[in-house]
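Peer 1: Using the sequences and the hints, build the whole thing.
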Amino acid sequence: MNKKNNIDPEDELIRQLIRSAKEQAPENLKYRIMQQINTENALTPKPAPIKKRTENVLRDFINIFGTMYALLALLTGIAYLSKDENFLLSPEFLGVVLLVTVVASTFWFFTRLDAKIRQKQK
Amino acid sequence: MNEKEQIQQVLSGNTFAFSYFVETYQDMAMTIAYRICGNRQNAEDVVQDSFVKAYRYLHTFRSDAKFSSWFYRIVYNTAVSYTKTKMWVNDSDIELTEIQEENVDYNIETQILATERTEIVQNVLNQMQKGDALLLTLYYMEDNSIKDIVKITGLNESNVKVKLFRARNRFKEMILKSNELKLIVSTK
Numbered sequence: 056m057n058k059k060n061n062i063d064p065e066d067e068l069i070r071q072l073i074r075s076a077k078e079q080a081p082e083n084l085k086y087r088i089m090q091q092i093n094t095e096n097a098l099t100p101k102p103a104p105i106k107k108r109t110e111n112v113l114r115d116f117i118n119i120f121g122t123m124y125a126l127l128a129l130l131t132g133i134a135y136l137s138k139d140e141n142f143l144l145s146p147e148f149l150g151v152v153l154l155v156t157v158v159a160s161t162f163w164f165f166t167r168l169d170a171k172i173r174q175k176q177k
Numbered sequence: 272m273n274e275k276e277q278i279q280q281v282l283s284g285n286t287f288a289f290s291y292f293v294e295t296y297q298d299m300a301m302t303i304a305y306r307i308c309g310n311r312q313n314a315e316d317v318v319q320d321s322f323v324k325a326y327r328y329l330h331t332f333r334s335d336a337k338f339s340s341w342f343y344r345i346v347y348n349t350a351v352s353y354t355k356t357k358m359w360v361n362d363s364d365i366e367l368t369e370i371q372e373e374n375v376d377y378n379i380e381t382q383i384l385a386t387e388r389t390e391i392v393q394n395v396l397n398q399m400q401k402g403d404a405l406l407l408t409l410y411y412m413e414d415n416s417i418k419d420i421v422k423i424t425g426l427n428e429s430n431v432k433v434k435l436f437r438a439r440n441r442f443k444e445m446i447l448k449s450n451e452l453k454l455i456v457s458t459k
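Chains as they are written, first to last, in the working numbering: chain E, 56 to 177; chain C, 272 to 459.
Mixed in with the good hints, there may be bad ones.
[Said to hold, decoys possible] Computed cross-link-like contacts, EDC-like style, restricted to lysine to aspartate or glutamate with a CA-CA straight-line distance of at most 20 Å:
#1 C/K432 x E/D63
#2 C/K432 x E/D66
#3 E/K77 x C/D335
#4 C/K443 x E/D63
#5 E/K171 x E/D115
#6 C/K448 x E/E65
#7 E/K77 x C/E294
#8 C/K324 x E/E95
#9 C/K418 x E/D66
#10 E/K85 x C/E294
#11 E/K85 x C/D316
#12 E/K77 x C/D316
#13 E/K77 x C/E390
#14 C/K448 x E/E95
#15 E/K85 x C/E390
#16 E/K77 x C/D414
#17 C/K443 x E/D66
#18 C/K401 x C/E444
#19 C/K443 x E/E140
#20 C/K422 x C/D335
#21 E/K77 x C/D298
#22 E/K85 x C/D320
#23 C/K432 x E/E67
#24 C/K432 x E/E65
#25 C/K401 x C/D316
#26 C/K401 x C/E428
#27 C/K443 x E/E65
#28 C/K337 x C/D298
#29 E/K77 x C/E413
#30 E/K85 x C/E274
#31 C/K337 x C/E274
[Unchecked claim] Partner residues are not named here, just some residues of chain E that face chain C (Cβ under 8 Å, in silico):
#32 A76
#33 I88
#34 K101
#35 K171
Hints are computed from structural coordinates only; laboratory data are not their basis.
Think of the CB as a built atom: it goes at the ideal place given N, C-alpha and C, for glycine as much as any other residue.
Peer 2: Below is the structure:
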């Protein structure tokens, strides 16, 4: 039955009869369908464009190291006012300065690393 | 422009390109929906709904598949869920071999007028079981292969063959019984 190359006259007759009974879609159906599609398109909220994360090396640098220098200035001010001038050259104070510097540098390092990884993923 | 290019056009945002599919498939979609729903008003609603679904889910269409089979499957499912009818009677106990042994010993030739013919065939198809009429429509109207019919209806291949064979015989019997039909029937 599924070998359509064998033209069976009876099969051919049935084909003709069945084809004569094809339904015709009304003329306005196409218009109705396209109108509904256009309406749904217009009403469907478009996905919000993904905001590009602006990579600004200078801005990150200023933010991190600006904060670091501000903190160091504050610490120096407090140390100068509460202790004496010699304390600023003492290993304790230099240790604190070194610690703040290392923390800020490490933070800067991870910020840049994260930016690189994101860029690669894109 | 072929169908794949038309699909790409639609997917890239050109809604107007979809009108090609509406124009090409609306008549066959109407025929399938009418066979299942039994009236034109419901069939029109089903066809409209099916085209909108096809548009919405066009991105899921696999380009190696046949668009017509994919779309007719949507029409079939939409119409069946719309009408909530049971399309197929369970005849799983009937083997294909058993059916093939049946001897159909008549032949039909036609000498009927086209206008009469359409009406008579339409009546016969309306009187048949919906599933049988649908199978004949799918198989003969657009020369869908058995595999395509399997994809559209969700039946298995042997089931389609059996049902199609029986539907074909029923159709012939009913056409022959029709008094209005001026047929020359020659018995083998």
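Peer 1: Now look at each hint and say whether the structure bears it out.
Peer 2: Hints, one by one, checked against the model:
1. Between C/K432 and E/D63 the CA atoms are separated by roughly 17 Å; this keeps the pair inside 20 Å, and the hint holds.
2. Restraint check for C/K432 and E/D66: satisfied, since their Cα atoms lie roughly 15 Å apart, inside the 20 Å limit.
3. Taking the CA atoms of E/K77 and C/D335, the gap is near 28 Å; set against the 20 Å cutoff, the hint is violated.
4. A threshold of 20 Å between alpha carbons decides the hint, and for C/K443 with E/D63 the separation of about 14 Å falls inside it, so the pair holds.
5. Taking the CA atoms of E/K171 and E/D115, the gap is near 14 Å; set against the 20 Å cutoff, the hint holds.
6. For the suggested pair C/K448 and E/E65, the alpha carbons sit about 16 Å apart, so the restraint of at most 20 Å is met.
7. Annotation: proposed proximity of E/K77 to C/E294 holds, straight-line Cα distance about 15 Å (limit 20 Å).
8. About 11 Å separates the Cα atoms of C/K324 and E/E95, which keeps this hinted pair within 20 Å; it holds.
9. For the hint pairing C/K418 with E/D66, the CA-to-CA distance comes to about 19 Å; that is within 20 Å, so the pair holds.
10. The hinted pair formed by E/K85 and C/E294 meets the criterion: a straight-line CA distance of about 7 Å does not exceed 20 Å.
11. Note on E/K85 and C/D316: the hinted pairing holds, with a Cα-Cα distance of about 12 Å set against a maximum of 20 Å.
12. A threshold of 20 Å between alpha carbons decides the hint, and for E/K77 with C/D316 the separation of about 18 Å falls inside it, so the pair holds.
13. With a C-alpha separation of about 11 Å, the suggested pairing of E/K77 with C/E390 holds against the 20 Å cut-off.
14. Between C/K448 and E/E95 the CA atoms are separated by roughly 49 Å; this puts the pair beyond 20 Å, and the hint is violated.
15. Distance hint between E/K85 and C/E390 is unfulfilled; the C-alpha atoms sit about 25 Å from each other, more than 20 Å.
16. As the CA atoms of E/K77 and C/D414 are separated by approximately 13 Å, the hinted pair is consistent with the 20 Å bound.
17. About 10 Å separates the Cα atoms of C/K443 and E/D66, which keeps this hinted pair within 20 Å; it holds.
18. With a C-alpha separation of about 16 Å, the suggested pairing of C/K401 with C/E444 holds against the 20 Å cut-off.
19. Proximity of C/K443 to E/E140 is assessed by CA-CA distance (about 115 Å); at most 20 Å being required, the pair is judged violated.
20. Of the pairs offered as hints, the one joining C/K422 and C/D335 holds, with about 14 Å between alpha carbons and a cut-off of 20 Å not exceeded.
21. The hinted pair formed by E/K77 and C/D298 meets the criterion: a straight-line CA distance of about 7 Å does not exceed 20 Å.
22. Pair hint E/K85 plus C/D320 holds up; C-alpha atoms about 12 Å apart against a cutoff of 20 Å.
23. Restraint check for C/K432 and E/E67: the C-alpha separation of about 18 Å stays at or below 20 Å, so the hint holds.
24. The straight-line distance between the Cα atoms of C/K432 and E/E65 is roughly 17 Å, inside the 20 Å bound, and the hint therefore holds.
25. Restraint check for C/K401 and C/D316: satisfied, since their Cα atoms lie roughly 18 Å apart, inside the 20 Å limit.
26. Restraint check for C/K401 and C/E428: the C-alpha separation of about 19 Å stays at or below 20 Å, so the hint holds.
27. Of the pairs offered as hints, the one joining C/K443 and E/E65 holds, with about 9 Å between alpha carbons and a cut-off of 20 Å not exceeded.
28. Note on C/K337 and C/D298: the hinted pairing holds, with a Cα-Cα distance of about 18 Å set against a maximum of 20 Å.
29. Taking the CA atoms of E/K77 and C/E413, the gap is about 10 Å. The hint holds against a cut of 20 Å.
30. The straight-line distance between the Cα atoms of E/K85 and C/E274 is roughly 18 Å, inside the 20 Å bound, and the hint therefore holds.
31. Proximity of C/K337 to C/E274 is assessed by CA-CA distance (about 10 Å); at most 20 Å being required, the pair is judged to hold.
32. A hinted interface residue such as E/A76 counts as satisfied when its beta carbon comes closer than 8 Å to some beta carbon of chain C; here the least separation is about 4 Å, so the hint holds.
33. Given hint, E/I88 at the interface with chain C, holds; its Cβ is 5 Å from that chain's nearest Cβ, closer than 8 Å.
34. The closest approach between the C-beta of E/K101 and any C-beta of chain C is roughly 11 Å, which is over the 8 Å cut-off, so the hint fails.
35. The closest approach between the C-beta of E/K171 and any C-beta of chain C is roughly 33 Å, which is over the 8 Å cut-off, so the hint fails.
In the structure shown, a violation is registered for the earlier hints numbered 3, 14, 15, 19, 34 and 35, in ascending order.
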